[in-house]
Amino acid sequence: MARQFGDVVIDLQNISLRFGGVKALTDISFNVVEHEIRAIIGPNGAGKSSMLNVINGVYHPQEGNIIFRGQQRQKMEPYEAASQGIARTFQNIALFKGMSVLDNIMTGRNLMMKTSFLHHMLYWGKAQREEIEHRKKVEEVIDFLEIQSIRKTPVGRLPYGLQKRVELARALAAEPTLLLLDEPMAGMNVEEKQDMCRFILDVNDQFGTTIVLIEHDMGVVMDISDRVVVLDYGKKIGDGTPDEVKNDPKVIDAYLGTSH
Amino acid sequence: MTFFLEVLIGGLLSGVLYALVALGFVLIFKASGVFNFAQGAMVFFAALTFVGFTEVLPGWTGLAQGTAGNFWLAFILALSSMIVLGIATERVVLRPLVNQPPITLFMVTIGLTFFIEGVAQGIWGSHVRGLNLGIEDVPVMFLLDNFDMIISQFDLIAAGIALVLFVTLALLFQYTKVGRALRAVADDHQAALSVGIPLKHIWAIVWSVAGFVALIAGLIWGARNGVQFALTFTALKALPVLILGGFTSVPGAIIGGLIIGASEKLAEVYLGPFVGGGIEGWFPYILAMLFLLVRPEGLFGEKHIDRV
Amino acid sequence: MFYREAGQFKASYQADSRIFPIRQDQIGFVALMAFLFLVVPFIANQYWLQAVLIPVLIFGLAALGLNILTGYAGQLSLGSAAFMAVGAFGTYNFMLRIDGMPFLVAILLGGLCAAAVGILFGLPSLRIKGFYLAVATLAAQFFIVWVLVKFGWFSNYSSSGVITAQRVNILGIDFRSPEMKYLLTLTVVTVLALLAKNMVRSSTGRKWMAVRDMDVAAEVIGIRLMRTKLQAFAISSFYCGVAGALYAYMYLGTVEPEGFNLDLSFKILFMIIIGGVGSIMGSFIGAAFIVLLPVLLNVAFHGSIGAFVPADLASNMELIIFGSLIIFFLIVEPHGLARLWQLAKEKLRLWPFPH
Amino acid sequence: MSDTSGQAALDTFPRLLMHHAAVRPNRPAMREKEYGIWQTYNWAEVAENVRAIACGLAELGFRRGDRLAIIGDNRPRLYWSVAACQCLGGIPVMLYQDAVAEEMAYVLQDAEIKFAVVEDQEQVDKMLEILPDVPFVEHIVYDDPRGMRHYTQTMLKGLDELQEMGRIHDRNQSDFLNAEIAKGASDDISIMLYTSGTTGKPKGVCQTHGAFIAAAKGATEFDKLSENEDILSYLPMAWVGDHLFSFAQAMYAGFTINCPESGETVMTDLREIGPTYYFAPPRVFENLLTTVMIRMEDAGAIKRKIFSYFMGVARRCGADILDGKPVSGSDRLQYWLGNLLVYGPLKNVLGMSRIRVAYTAGAAIGPDLFRFYRSIGINLKQLYGQTETCAYVCLQPDGEIKLDSVGKPAPFVEVKLADNGEILVKGPMLLKAYYKRPDATAESLNEDGYFMTGDAGFFDEDGHLKIIDRAKDVGKLNDGSMFAPNFIENKLKFFQHVKEAVAFGNERDFVTAFINIDLEAVGNWAERKGLAYAGYTDLAQQDAVYSLIREGIEQVNADLANDPMMSTSQIKRFLILHKELDADDGELTRTRKVRRKFIMERYGVLIDALYEGKQSQYIETEVKYEDGRAGKIAATLRIEDVKTFAPQGGKQAA
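Chains as they are written, first to last, in the working numbering: chain A, 292 to 551; chain B, 19 to 326; chain C, 421 to 775; chain D, -16 to 637.
Chain A on its own, in the form it takes in the complex (with noise of 0.2 Å):
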C-alpha cells in the first residue's frame, strides 16, 4: 500500500508549558505531515494530553513556535483552531449528553453553516435547506462510523465504547484536515478496539486526514500509526517509526522504569 505523505501540517519547536510552578511540557519539539498517523504516547502524566490541547489551542504554551502551514501561529483560541480544520476527541468523553446523537454530530459542522438566528426563527426557507444540507453530510458521517441504529438516541444513555465512536463522528462531521484523539481506544473491549482502529484508518485512507492519537495500547499504536512520539515527564525521549521507537533504549527505559 502506498501511501503519500506530504507538507509538514504542523511544526512544534521548543515547546514549553507552565501551570503555575509545575511545568506539564518541556522544550518539546516534532512535527506532522499531511495524511500521516502520528502517535504520541507515554507514561500516565507524561504531558500528552497537554500536548494536544496545546495544538487546537486550550492551552497556551509559555515558551516555543508553532508553525501551522508554514505560518507562525500566534496565541489562538480552541474556536480558531477548529475554524482551520483541527477537530479533536477527548480523553474523558465530552458529548453533550443532553442532546442526541444526530444533534450531537450536527454541532460538529456548526463552522459551516452560514444561517443565522433570525434565519433559524423563521426556519423555513434558507435555515431549513442549510439544516437539510448539512444533515445529508451528517448522515454519510453516521453510515460511515455504523451508528445508524443510535441516530435518535439521547448521547447520556449509550454505553461507553459507543459514545467514543459519536465523538469521532462530531470531529468527523467538521471535515477536518488534522485530528486529534485522545485515547480514542481507551476502556473498550477487544472487539470494540478493532472497530475503532479500522474506523481511523479509514478515516486516514479515505479522507486523507492527518491524525494525531494519543494512545496506551501499545499493540494498535505499533500497528496504525507511522511516527511515533515518545514524552515522558514532559519531555520527549523518543521520535521515529514505530520499529525506531520501540528499540530505543531510551524508550525502553522509560517504560520499564515505570512499570508498563
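If you're looking for bench data, these hints aren't it; they were derived computationally from the structure.
Treat the hints with care, as some may be off.
[Stated by the list, open to error] Going by beta-carbon spacing under 10 Å, a handful of chain D positions derived as facing chain C:
hint, residue
1, Lys16
2, Trp21
3, Pro264
4, Val267
5, Leu324
Here a beta-carbon is modelled for each residue, glycine too, at the ideal position from N, C-alpha and C.
Following the hints, position chains B, C and D against chain A.
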C-alpha cells in the same frame, strides 16, 4: 474628615454583620459544595423562633419576658430548632442530590428559602416584632464627646460579638478533631472519604454550626431592624460579599464584608445624592460584578483550571 | 395507547425534522390551537380570561425567555423580572413619545431594549459561571428597578414610577375587552413560542445546548462561547421584555417598577423548574401551575380544609407548597412536568409494553 | 418512457417495468431506509436506473442468455440489477448472501457465471477468494464502494460507474435496450433460484417470465392486491418467497417494496413502514410472539391482567370476527374494547397495524402461534409452494382459514394426489428445467407433466390440502405403522422451549428424538427460576431443563395418542443435543430445514445409544465458528425416557 470616618466606621461595623451572614454561606459551601441561598431564610427563621419562644415561654414556665432565664431558655430552644432544621435539610434535601450539578443545589436552596419562610411565619405569625437584647442603639458617648463622631453603641457591641464568634470558630476549626476533618473535607471530598472521614456526619455538624451562626446574625439584625420578613434579605447583602471574598474563604468573607459595608455606606453618602439615593440595594452588586470581571475567582478564592 | 405510529415513515429530512414528528401529536396540537383561538374566547368568562388565561400566557412567555437562557444555554439568571420591566417601560415610552406608534412595533422595540440591557448584564457570563453568574444577575434585578424608580423620565414623571398602559389599537380594532386582550396575547405568545421552537431545533439551539452541556468541547468544535452566551442573553431578555410589555398592557394595565421585583424573578424561575428546564412546552405548563396553584389553595383553604388549619399557616401555605414543590421536583424529576408528560407519552407509545 | 413495444402483451418483467414507468411514473416503486430516511424511487426512476444498469452491463459485454450472479442483502440496486439482467435477456442467478465461499463457488461454477453484481466489500472479498475455482468470472460489479479504494483488480467495477457507462450508452443508442426488451419472450428464463437441496448438491431452478407472472397474477387477484400495498423486503433475495413477493408481485401489481436499513434495524423499520402486505416464515412470527410475551412479563400486574383478559377475549372470538362469522354482541363489544386497549396498540408496536394480508410459508406454523396473530385481527394466512412452483400452489382464501391446512389450490393450479399420497401439481408456474440437469428435470416431472413435490398430504372434506411430511421421509415402524418424522418434529417445535427437533423411528421399534432447546426462551425461563448456567451446552444438560422438555414431549405424546394414524409414533426416549444445529455445520439447510441424512451419519453414536437403552452417551463434535475457525464441543449427554399413552381409538381422522 470626622464625618468621613464616621461613615466609614459605621460602614465597617455593618460590614462585620454582612460578614457574619456570609460566614454561614462559606461554612456550608466549604463543607458540602452547596451554595445555600436559604441562609437568609435561616437567619429569619432563627430570629423569629427566638422571639416566638420568648413570647410563649412565660406562659409555660412563668419566667417573665426580659429576664435572663427566659432569654437563655429561648436561645437554647431556638438553637435546638436551628440544629434540627440544619440536620433535616441535610438529610431530606441535600443527601438525595449528592453529585448533582452545583446549580441544581443552588436552585434547591431557593426552594428551601420559600419553605423555611413559610414554615416560620406559619408557626409564629407574620407580624413584625421587636427584639430587645438589652443593648441601646445610642451613640457611644466617649466618641461623641471626644471626637464628635456618632458611632452606635449597638453596632459596636454587635461587631464585637461577631468578632468573638469568628475567632471562636477559627480556633475550633484549627484545633479540634472535627475542625480538622472539616478542613480535609473542604479540600477534597473524595480524599476525605477515602481516609475514613464520615462525610455525612461532617455535613450535619456544619449545617448545625451554620444554624448557630444564623441565630446570632438573626438576633443582632433582628434587634436592630425588628424581626420581620425582610431579615431574609440579609442573604442578599451577603452575596456580593461572597463574590468579592470568594465562596471558600473565611477571611475572604470578613474582608469582603468590611469592603462592601464601607463602600456601600460611602457610596450612599457621597454618590447617592447625585443619583437620587437608594443605591445601597445594587451598589455592592455592581461593585462585586466589576470585581469579578477582573478576578473571577474572588479575592481569596482558588484559581480553577479546566482539565480537558 | 392512542398512538398508531406504524406506517408513519419519513421519506424526507423535512418530514423527519418536523416539530411534531408523530401525526397524532400534530392533530392534537392543531386541535389545541383551534380550541384556544376559536372556542375559549366564547366560553371563558371574565375571571378566567383575566385572572388565569392571560397571566398564564404572559408568564409562560417570560418563563420561555428564562428557559432559553437557563434551560437551553445553561446560564442561570435571577433577574428575569427586571428584563420584563425594561420591556414594559420601553414599550410605554415608545408608545408615549412617538406619535402613532403601532403597538406591535412598540412591544418589539421594548423587547429589543430588554435585549440590549440583557447583553450588558450578560457580559459577566464570559468570565463567570454557575451561581457566581446567578448572583451577578441579581445586580441587574436591583439596578434596573432602582433606575426605573429613580429616574422619573422613564415613567413620564409619575409618582413612584407607576405607568398606566395606553390604549391598544391595531388596525382600528380596540383591544379593550378581555376577549380581545386574550386573543392578542395568545397570538403574540404563539408566534414567539413557535419562533423559539424553531431556534432551539436548529443550529442556534444546538450551540446553546452545547455550551450548556460542555463548554470546553463546544469551544473546541468551533463554537464561540462569548457570542453564543450573549446571544442567549439577548434573545432571552427579548422574550422577557415582550412578556413584560404584555404584562403591563394586557394584564395589569398599571404597573410600577417595584412590581418587577426579585419575587417575580423567582416565580419565573420556579415556573421553569416545575414546568421543565429546557422545554418550551414546560414553560407554559409551569406558568399554568404557578398561576393556578394559589387559586386552588385559596379555594381549598376557604372551603372545607380551612376550618382545620390555623389562619397563619393557611396564609403561608403558598410559600410552603412552592418551596416543597421546588425541592420535590429538583430531587425527583429535575426536568419537571414536561418530562413527566414526555414519559407518559413514551408509555402510551409503547403500550401495552412496559418498555 | 419510450415504450416501443406499444400494446405488446405484458408478458415479461422488463415490459411490466416499462409499463409501470409509463402509467404510474410517480408512484413509489421502492424505498430504502438509508441515511436516516426512506429514500424513495418512483417507477420512472427505477426504470431509468434499470436501463442504465442494463446498458452498462451490455457495454461490459453481457449478452442474451448470459447468467448474472446477484449476491447481497435486499438493496434496491440489486433488485434493479435483476430487472436489468432480464432486460438484456440474461438470467439472474440469486445467491444467498450469507453463503460461505465454497457454497458460492459451487453455484458460480454450476451456472458458469461470467458477471456478478454484489453488495459490498465483504462479498467482493469472498468472490476474490474463490476466484481460482471459478475461472469463468470476468466482471464483478459492487454496489457499495465503501472500502474498495485500494482494490486494483480490473475486473472490479463500481455500480455507479457501470450506470454512468450505461447512461452514455443509452443516450447514444437509445433503441438498443428497447430492442432487447422487445426480443424477450414469455417463456424465456427469467430467473435461476438454487434449491437449498436437502439432498445432494443444490440445483438451479429455471423459471420463466410466464411462470412467475402467472404466480404473481394469481396471487394478486386472489388477495385483491393493488398498487397501494407496501411490503417490507427483508428475506434473502435468493429465496423464492422473496422473489415472488418482493419482485414478481410488486412488478405485476405495481406496489411498493421497502428495504430495511440493516439487519439490526428490521424491527424498527417494520414499525416505521407499517406494511400492508407481509410475508415471513413462521420463525419470524414466532420470534415476534416470544418477544411480546417476554416484554409483557415485565409489565405491572394491572397491565398483565388487562392483557391476559383481552387475549382471552381474542382467543374466544377474534378469529371469528376476522373471518366474518357471527359473534355475539357482548363479545363484539369486548373485542372492540380489547382492540382499543390491547390489540391495536400491540399491532402498532409490532408494525402490523396496516396489514391487510400476511402470509407465512416455508415450514409448518404452530396452531397457537397462528391463532394468536389471527385473533388480534391480523389476516395471517398460509400458503404452500416450492421453488419449482414459484412458491405458488395452495393459498388460504379469506374467511376459510384452517389451522392445519395450507388452503385450496391457487388460481391456474391443478393439484392431485399420487397413490402413495404424494402431492402432484401442474400449472403455468412450473419450472422450465433444472439448469443443466435434464435427469433431475425428468425425474421431478411425471409423464403427465405434473411436478412431484415430494410432499405427502391429503385433501380434507372442504377441499383444503393438508401436508403431513416429505413423502420420502415418511417411513414405517417395525410394526408396520406409519412414521412421519416431520409431523412429529413440528409438533415438538410448536412447544416454545424447543427450537429444533429430529425424530427417528423408520425401521425401528419405537420413536426417539433429538431436541434443541430454544436458548432465549429456556434461558429466560431459567433466569426466572434462578438457575445459573454457562451457555447452551450447560443449560441443555440441566435436570430442570430435561424435565421441562419431558413435560412438553409428554403433551405431544398425549396429542399423538389421539390420532389413530400416529398413536404408535409416540416418543419413547429423547436427548437434548449439546450444540445447536447449525447451517454452517451442514446440519440445517440455509432455510433451516433439518438435513436428516447428514445428522443420522454425524450423530449415529447418539442414535445407537437411544435404541440401546443407555442412560448417557459421550460425544465430540466439530463445529465451525462465525469467524470461520473450527473447534470441538464435547459432552456426555443424558438420555431419558418419556411416558406414553394408550391410543384413543374413538376419534377418526378426517
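Results of checking the hints against the structure:
Because the smallest distance between the Cβ of Lys16 (chain D) and any Cβ of chain C comes to about 8 Å, under 10 Å, the interface hint for this residue holds. Using the Cβ-Cβ criterion of 10 Å, the hint placing Trp21 (chain D) at the interface with chain C is satisfied: the shortest such distance is roughly 5 Å. Given hint, Pro264 (chain D) at the interface with chain C, is violated; its Cβ is 21 Å from that chain's nearest Cβ, farther than 10 Å. Hint status for Val267 (chain D): violated, given a least beta-carbon distance of 16 Å to chain C, over 10 Å.
Taken as an interface hint, Leu324 (chain D) checks out: its beta carbon lies about 7 Å from the nearest beta carbon of chain C, inside 10 Å.
Hint compliance for this structure: hints 3 and 4 are not met, and every other hint is.
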